[in-house]
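FYI, the numbering for the sequence shown is 77 to 242, going by my numbering.
Simulated from the structure, these hints should not be mistaken for lab results.
Keep in mind that a hint or two might mislead.
[What the hints assert, rightly or not] DEER-style ranges, computed between Cβ atoms: (1) Gly133 <-> Arg170: 17 to 27 Å; (2) Arg117 <-> Arg171: 48 to 58 Å; (3) Arg171 <-> Leu230: 21 to 31 Å; (4) Leu217 <-> Ala172: 16 to 26 Å; (5) Ala154 <-> Asp213: 38 to 48 Å; (6) Trp198 <-> Ile145: 38 to 48 Å; (7) Leu226 <-> Asp163: 17 to 27 Å; (8) Pro206 <-> Gly147: 41 to 51 Å.
Yeah, the Cβ is synthetic: ideal placement off N, Cα and C, and Gly gets one too.
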Amino acid sequence: MKLLAPLAVLVLSLLIFFGYLAASYSMLPERIATHFDLQGRPNGWMGREGFIAFTAGMGIFLLVVIVGITGATRWLPATFVNIPHRDYWLAPERRAATCALLFRFGLWLGSLSLLFLTGVQWLVVQANLPESHQRLDPAHLAGIDGPFLLGTILWIILLKRSFAKP
């Protein structure tokens, strides 16, 4: 039951991510500004198909790595699992519950990462609209990076609290 909420959020994040990728395809020009300097001026470009494929691949890769590693903790040797008070939390009588908790944390981080990538995709689309003159608005960038950074900090705090000294 504890797995239902993070799993539902992950599925919703996947739908939003791939839905926006599909919807934004037709909004993008054939040649897309994909990298920008500190002033928001483009200094790197990709073709539309390559960019969409790269972004989709990045989302899948991040999800496989984050959720895969946290899910694999139940089979990994304890020395490969870096949590506070590892010996206590990975003792045989607590290992299953600890690994389940790590997996739930992985699902939450996977969702956060997918939503961040969706925001990055939105930034690229906005920067490539004709009226933007291929410039990335720093305020938009802060609006995507800020919540991701705060979410990541909250995730770290909750993770550390979950594995506090027994």
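Q | Beta-carbon spacing of arginine 171 to leucine 230 - inside the hinted bounds 21 to 31 Å or not | A | Holds: the Cβ-Cβ distance is about 26 Å, inside 21 to 31 Å.
Q) Does the hinted range 38 to 48 Å hold for alanine 154 and aspartate 213 at CB? A) holds (47 Å)
(Q) The hint says 17 to 27 Å between glycine 133 and arginine 170; measuring C-beta to C-beta, is that right? (A) violated (37 Å)
Q) So the hint says 48 to 58 Å: do the beta-carbon atoms of arginine 117 and arginine 171 match that? A) Holds, at about 52 Å.
Q. In this structure, is the beta-carbon distance linking leucine 217 and alanine 172 contained in 16 to 26 Å?
A. Check failed, 42 Å falls outside 16 to 26 Å.
Q: Could you check the hint for me, namely that proline 206 and glycine 147 are 41 to 51 Å apart, CB to CB?
A: holds (44 Å)
Q.
Against the range 38 to 48 Å, how does the distance between the Cβ atoms of tryptophan 198 and isoleucine 145 compare: consistent or not?
A. Taking Cβ atoms as reference, tryptophan 198 and isoleucine 145 lie about 27 Å apart, which means the hint is violated.
Q. Using the C-beta atoms of leucine 226 and aspartate 163, is the stated range 17 to 27 Å upheld?
A. violated (32 Å)
Against the hints set out earlier in the document, violations occur for numbers 1, 4, 6, 7.
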